[in-house]
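Protein sequence lines correspond, in order, to chains A and B.
The working numbering numbers the first residue of the first sequence as 1 and each following residue consecutively.
The working numbering numbers the first residue of the second sequence as 1001 and each following residue consecutively.
Note that these hints are calculated values from the structure, not bench results.
Take the hints with a grain of salt, since some may be wrong.
With a straight-line Cα cutoff of 30 Å, these simulated DSS-like cross-link-like pairs (lysine-lysine) come out [claimed, not checked]:
{"hint": "1", "chain 1": "A", "residue 1": "393", "chain 2": "A", "residue 2": "197"}
{"hint": "2", "chain 1": "B", "residue 1": "1393", "chain 2": "A", "residue 2": "98"}
{"hint": "3", "chain 1": "A", "residue 1": "98", "chain 2": "B", "residue 2": "1390"}
{"hint": "4", "chain 1": "A", "residue 1": "200", "chain 2": "A", "residue 2": "60"}
{"hint": "5", "chain 1": "A", "residue 1": "393", "chain 2": "B", "residue 2": "1390"}
{"hint": "6", "chain 1": "A", "residue 1": "60", "chain 2": "B", "residue 2": "1060"}
{"hint": "7", "chain 1": "A", "residue 1": "390", "chain 2": "B", "residue 2": "1098"}
{"hint": "8", "chain 1": "B", "residue 1": "1200", "chain 2": "B", "residue 2": "1393"}
{"hint": "9", "chain 1": "B", "residue 1": "1060", "chain 2": "B", "residue 2": "1200"}
Covered by chain B, according to a simulated footprint, are these stretches of chain A (three or more residues, beta-carbon under 8 Å) [as the list claims (entries may be wrong)]:
{"hint": "10", "region": "87-99"}
{"hint": "11", "region": "297-310"}
{"hint": "12", "region": "332-343"}
From the three backbone atoms N, C-alpha and C, an ideal C-beta is built for every residue, glycine too.
Spelled out, the chains give:
There are 2 protein chains.
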Amino acid sequence: MAQRIAPLSGFPEYLPAARIVELRVIDTLRETFELHGFASIQTRSVEPLEQLSRKGEITKEVYAVRRLHADEGDAGTLGLHFDLTVPFARYVLENSGKLNFPFRRYQIQPAWRGERPQEGRYREFWQADIDIVGEDALAAHHDAEVVLVMLEALGRLHDQFGIPDALMRINNRKLIQGFYEGLGVADPLAVIQVVDKLDKIGPSAVGELLAGQGVAADVVTQILALASISSTSDSFIDEVRALGVTNDLLEIGLVELSALLAAVNAQFPGRAVVDLKIARGLDYYTGSVFEVELPQWRSLGTVSAGGRYDALASDGRHTYPGVGISFGVTRSLAPQLLAGNLSATRSTPSAVLVAVDDEESRASANAVAASLRTRGIPCEVSPNSSAYGKQIKYADRRGIPYVWFGGPQGQVKDIRTGSQADAQASEWTPPTEDLLPRVIVIEA
Amino acid sequence: MAQRIAPLSGFPEYLPAARIVELRVIDTLRETFELHGFASIQTRSVEPLEQLSRKGEITKEVYAVRRLHADEGDAGTLGLHFDLTVPFARYVLENSGKLNFPFRRYQIQPAWRGERPQEGRYREFWQADIDIVGEDALAAHHDAEVVLVMLEALGRLHDQFGIPDALMRINNRKLIQGFYEGLGVADPLAVIQVVDKLDKIGPSAVGELLAGQGVAADVVTQILALASISSTSDSFIDEVRALGVTNDLLEIGLVELSALLAAVNAQFPGRAVVDLKIARGLDYYTGSVFEVELPQWRSLGTVSAGGRYDALASDGRHTYPGVGISFGVTRSLAPQLLAGNLSATRSTPSAVLVAVDDEESRASANAVAASLRTRGIPCEVSPNSSAYGKQIKYADRRGIPYVWFGGPQGQVKDIRTGSQADAQASEWTPPTEDLLPRVIVIEA
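Isolated chain A, as found in the complex:
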């Protein structure tokens, strides 16, 4: 059938080599999460629209989903989830009697937001989330745990694939909220949501917005002074105290943040910065908050974020406090993959092309391939029995490094160097670095 070709802005798709990179990154995240005892779950892609419409600003970005020919008796309209947290909270409530708490889960799935398409924003995007959720209580050391697991995962992406080093900015909602309460601010949450815009609109615009909310000028000054504090050591504690605000919640926040910084510095020195302007816009955070950027790819903005929530989900009998962090797989990778700056050494898993002399000997070529596969060597048999030169070209176009000639007792040629040697299909193995496609970073 002839089709209209219709690329859709905001719905990235990759060519096979780029997809290999994405898969490799997802595999690495998954492996790291599983090593730390996080169990995979997948939630359905849709939630009742009413559940998705309760988050204020995001409502207008929700995609509604409806059967083209809906029946009268159909349930209410559905929507595609816009993150993995809302469906996870629902999953925990729905299955609370069958889960063991604290429950450690990871979830790597797409989410959808009908944002205005623009650089670095996607309408369909993959997220990789980890969360630890308790029943009624969850110990504070899990805050550091999810941060360390994510930093370990990002460290592997750096070491294995050349993705830039991560920098995590950390703060604590109790610290901010306690400070605001100590200042006599009436609605700390409203102030937090304004301060969250600091990076986008700058301190003077934030000050004006706060003044517009009726916050007194000296209080605005204090709020902006707190937000300007940033440190890689415990010196932030003295800087906060120097502002002269006293409040019990503030003290708890200082202790928690100091403990988190110490835990990160012990394992990943220099990877965390206390940054007291980090607030996260979402209203459900109640303690630690984190934001990760890749300084060498700073234009991406925040690639990973999360925090502690004391009551994301509640069913009347229990509340389910938790802490989690989400990594934006598409957000981080798509610009590099689509530009070709991040790619793979070949566009196929095949390490070997088994050449075919003539169609009568195809069975012999198939036998070579079957023999190689028993040892985990991805390979394919030439689709035709054209001249060897053409078959080599077939391999070359795909980046397949080896071509096999002459049946099980044959010869194998490294087409990059031209070197060719006798080989037995039951024994020969390519060098480890050629077994699977490798990720390569192409400097612009």
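Chain A is fixed; fit chain B onto it per the hints.
Quick look at chain B alone, frame taken from chain A:
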């Protein structure tokens, strides 16, 4: 936030142990496909609705997708794809200049159909497809190739996870169409779509439908006679010839089907049956067609199907003939997973729980876990420092087989047997069968 708990019929979700099985199955499919040189692609979840509405019967099942607050300038309405073939055809056209043909791809993704919820039917379901697509031409041996790759994958699911043996029914559209043409049938495609209902409504109802289309009684008899032929050997050729119809396309079909049967029998004797009533309802098949069932789970019906299409996609300059086969991951697994008949030995990746004596020694427990992880051993540290009995219970509830006590030079206990021995975190490794959760089939 308190939430209404809303299970949605047709959108299956699994508990962690069941999800481990699903992941393991998907990994096995992927590994098999990659060993055969199939490259992964992912397509976006949505297509322009007009592209999804061209398939006749399926139109009413499409889910339309629309931004809640769509702008005036927004592109036309989108729909969730209902299979992976339509998006793949579009992907091939969109990227034809950048792909190398024949292009071998696999695709493991969800699809959506707003079917009336019923036993074994899902509104959101995962499919695993492989296809080989050529530019203008594709050799016949690829028909056998995709069949053999899928049978190899299903054989691994059987050997590794106890999923029942597969049986593949094969036929050839040229054979049927040639036979009908030889009989003078005016609209062979219309007849094929009626014959496709044989299993559901039986031969007499099919005969009535054909008579209603104006097909003569003696022709109906011949059509039903052809459809009744089934064989595990080439004897089907003589049975067809005994019906006395001669046609060139029929002869080509007989040769192709015989070759496909021979190829399957050479590698997987007994796994294929020629069944001349298999037609596949879709209009784009033009040669080989396949349907797979799991006879021990026959109530599932067809779990995998596919065939040869000579012009699924065309851009005016080129056509892209191909052959492919799709495995219904959710369709095959969900009934067993949801019923608990197929599960895993534990609900977490963790092979080891590292116990914590008291909160002061948590760092020592963390060091044990870090050491185990360097050797690929999934583990977690106890969330609290309660009595050892409680920590062992934590492990037991999750099916974690080992609990570690006493720091890096400590002891490890197999909580299934109660045996406990000295162990060094830098050296100890669990038996291979305990490293990862194992899939288990629970007989009803």
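So, going through the hints one by one against the coordinates:
For a cut-off of 30 Å, the pair hint linking residue 393(A) to residue 197(A) is broken: about 54 Å separates their Cα positions. Distance check on the hinted pair: residue 1393(B) and residue 98(A) sit about 16 Å apart at the alpha-carbon level, within 30 Å; holds. For a cut-off of 30 Å, the pair hint linking residue 98(A) to residue 1390(B) stands: about 19 Å separates their Cα positions. A distance of roughly 21 Å separates the Cα atoms of residue 200(A) and residue 60(A); the hinted pair therefore holds under the 30 Å criterion.
This hinted pair does not check out: residue 393(A) and residue 1390(B) have alpha carbons roughly 64 Å apart, beyond 30 Å. For the hint linking residue 60(A) to residue 1060(B), the alpha-carbon distance of about 27 Å falls within 30 Å, and the restraint holds. About 19 Å separates the Cα atoms of residue 390(A) and residue 1098(B), which keeps this hinted pair within 30 Å; it holds. Distance restraint check for residue 1200(B) and residue 1393(B): the Cα-Cα separation of roughly 51 Å exceeds the 30 Å cut-off, and the hinted pair is therefore not satisfied.
For the given pair, residue 1060(B) sits about 21 Å from residue 1200(B) by alpha-carbon distance, which is consistent with the 30 Å threshold. Counting residues of the region 87-99 of chain A whose beta-carbon sits less than 8 Å from any beta-carbon of chain B gives 8, enough to reach three: the coverage restraint holds. Judged by the Cβ-Cβ criterion of 8 Å, the region 297-310 of chain A is not covered by chain B as claimed, because only 0 of its residues qualify and three are needed. Under a criterion of three residues with beta carbons nearer than 8 Å to beta carbons of chain B, the stated coverage of the region 332-343 of chain A fails, only 0 such residues being counted.
The structure is inconsistent with the numbered hints 1, 5, 8, 11, 12, although it conforms to all the rest.
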